[in-house]
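Engineer: So the chains spell out like this:
Protein chains: 2
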Amino acid sequence: MNDTHAKILDCTIRDGGLVNNWDFSVEFVRDLYYSLNAAGVEYMEIGYKNSPKLLKGADAGPWRFLEESFLREVIPEKGNTKLSALVDIGRVDENDILPRSESMLDMIRVACYVKDVDKALDLVSKFHDYGYETTINIMALSNVMEHDLIEAFQQIAKSPVDVVYVVDSFGSLHHRDIEYLVAKFQRHLPDKQLGIHAHNNMQLAFSNTIVAAERGVQYLDSSVFGMGRAAGNCNTELLVSYLKNPKYELRPVLEVIERRMIPLRDQVEWGYIIPYMMTGMLNEHPRVAMALRSGDDKDKYAEFYDKLTSPETALAAKGGE
Amino acid sequence: MNDTHAKILDCTIRDGGLVNNWDFSVEFVRDLYYSLNAAGVEYMEIGYKNSPKLLKGADAGPWRFLEESFLREVIPEKGNTKLSALVDIGRVDENDILPRSESMLDMIRVACYVKDVDKALDLVSKFHDYGYETTINIMALSNVMEHDLIEAFQQIAKSPVDVVYVVDSFGSLHHRDIEYLVAKFQRHLPDKQLGIHAHNNMQLAFSNTIVAAERGVQYLDSSVFGMGRAAGNCNTELLVSYLKNPKYELRPVLEVIERRMIPLRDQVEWGYIIPYMMTGMLNEHPRVAMALRSGDDKDKYAEFYDKLTSPETALAAKGGE
Chain A
569 MNDTHAKILD
579 CTIRDGGLVN
589 NWDFSVEFVR
599 DLYYSLNAAG
609 VEYMEIGYKN
619 SPKLLKGADA
629 GPWRFLEESF
639 LREVIPEKGN
649 TKLSALVDIG
659 RVDENDILPR
669 SESMLDMIRV
679 ACYVKDVDKA
689 LDLVSKFHDY
699 GYETTINIMA
709 LSNVMEHDLI
719 EAFQQIAKSP
729 VDVVYVVDSF
739 GSLHHRDIEY
749 LVAKFQRHLP
759 DKQLGIHAHN
769 NMQLAFSNTI
779 VAAERGVQYL
789 DSSVFGMGRA
799 AGNCNTELLV
809 SYLKNPKYEL
819 RPVLEVIERR
829 MIPLRDQVEW
839 GYIIPYMMTG
849 MLNEHPRVAM
859 ALRSGDDKDK
869 YAEFYDKLTS
879 PETALAAKGG
889 E
Chain B
569 MNDTHAKILD
579 CTIRDGGLVN
589 NWDFSVEFVR
599 DLYYSLNAAG
609 VEYMEIGYKN
619 SPKLLKGADA
629 GPWRFLEESF
639 LREVIPEKGN
649 TKLSALVDIG
659 RVDENDILPR
669 SESMLDMIRV
679 ACYVKDVDKA
689 LDLVSKFHDY
699 GYETTINIMA
709 LSNVMEHDLI
719 EAFQQIAKSP
729 VDVVYVVDSF
739 GSLHHRDIEY
749 LVAKFQRHLP
759 DKQLGIHAHN
769 NMQLAFSNTI
779 VAAERGVQYL
789 DSSVFGMGRA
799 AGNCNTELLV
809 SYLKNPKYEL
819 RPVLEVIERR
829 MIPLRDQVEW
839 GYIIPYMMTG
849 MLNEHPRVAM
859 ALRSGDDKDK
869 YAEFYDKLTS
879 PETALAAKGG
889 E
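Protein chains in written order, with the numbering used here: chain A, 569 to 889; chain B, 569 to 889.
One thing to keep in mind: the hints can contain errors.
Identical copies go unnamed one by one, so any copy, or any two together, can satisfy a pair.
In silico lysine-lysine, DSS-like type, Cα no more than 30 Å apart, as pairs [to be verified]:
no., residue 1, residue 2
1, 752, 866
2, 815, 875
3, 868, 683
4, 812, 752
5, 650, 812
6, 812, 875
7, 726, 875
8, 575, 868
9, 752, 875
10, 812, 866
No lab work stands behind these hints: they were computed from the structure.
Based on the sequences and whatever the hints tell you, model everything.
Structural biologist: The structure is reproduced here in structure tokens:
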């Protein structure tokens, strides 16, 4: 199969930052950028373009509040790999955004829940007018009711947004869900390109992503060695080696895994870890599992399972990309 | 979807033994058996029924050369979970096998390469006449030529074997390959039940297994926490939680992971590890990657990739389940 319609968007820094509180050195991010560029990866999401004024108590690294002058330092010479940043509704100050012609960024992605699609599209329009490529990423799709989604589609169809993402926030979806959602998005949004952002709670992130690509989804989110919140994402190295496009080179990704990701994985954890498998299976936000993993009871799986599934212990919490 | 046609065959001890040279204590195996029984898992493959006389230099644990009196000690009271053992062509002494009515074993599985299907079926017939359920597991399917496979099917169709396995020895197959192979097996062997044995080199073992189940494959191999040679297998806990059959209980599997597999994984390694990803992607036996992982250069991925893909360094080797 020819996969040249597919583009890889590596979100190691942005989603992986949720693991290490964006504690990446400039050298790390620079190395990653040039490695992805050598590998032929089309986009690198280098962080959030949120405003520190709007995010209380934030002491996170600069990747959470990207500034243009800082970005120019990090990447002195841009290659073919485009740069993207994510913004959250209510956390972005539009006055911080330069026109694309003056910016290092090429794409701005807006993450939102279905109830905030109108707010997201308002931002999308502004970024679009500034010249950016835009996406809208509707989180927690597995908990969205049909009529709300249809209504959101109607608004999205009329907007200038370039790409609409299927987001498996909780890593709870399998291939039949993906086929169902992709078909639905295509039916309601025939003029939009689609993307997929998968989580690996049940070891299905890569599989779900290639199933989506096969059905025509163009933008495939991934991260190197799968680094991302909790169970992490679809692995960039798997996509680069799997997709049938002569431009992709696996070797630079292997090098950056060896140089950067293996030492980092010794310090912080992500990936297929049993409590994340459980929240995925139960279609829940991983936050309770993340709390468990940071404590002494981190491997008490059976006890945790009892808590998660007991009707008395209302641990269940929904939300989040 | 109702998945009650599917049966889980847990091969943690047999395939996992390839990781730790079958160094499992009796307590470990007993605990695993009763946990799988409580979880509703249909079969446990408790080792190999090879003969020490026919396997030179073998110093491996008793799980490689199962004896009836030993098995009775390990499992004093059998539950609903049936026991299976694997035999390799040329390594089994038929005189070691008791009739099923006198044995702890319910099923004997024969692993072979396509060129040895005649020898395998000869063994199958004997085991069948002894009253055992039988399977034939054709290894390294990804390297078998069409006409050899068709010829094998003709022999298998005439044999009394109960189950024919699709074996992804190198973890190199993805969902379209599985769909293709399952359809081919079904076309040529309409009267046989099918099984699948997947490896997790590219994080596709679970996904490939559920795709196969969806297409009607009945016997699903897996292992607890994925323990198996190199990248390991489809995870039993994922199947138990995914399959729609009210008999399955996840909790006993979680308990045995917590009690047994987490401490074991600290001592020996298996799973998604980059050199195994590479051999999977290149459709090769993991043995060179296993050798790499046992040495000082275990994380030199780029150098290993160069060796694997260089035409001069003929590292490539084929073979094995």
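Engineer: Run the structure past the numbered hints and jot down the numbers of the failing ones, going up.
Structural biologist: Hint check: 1, 3, 7, 9 fail, others pass.
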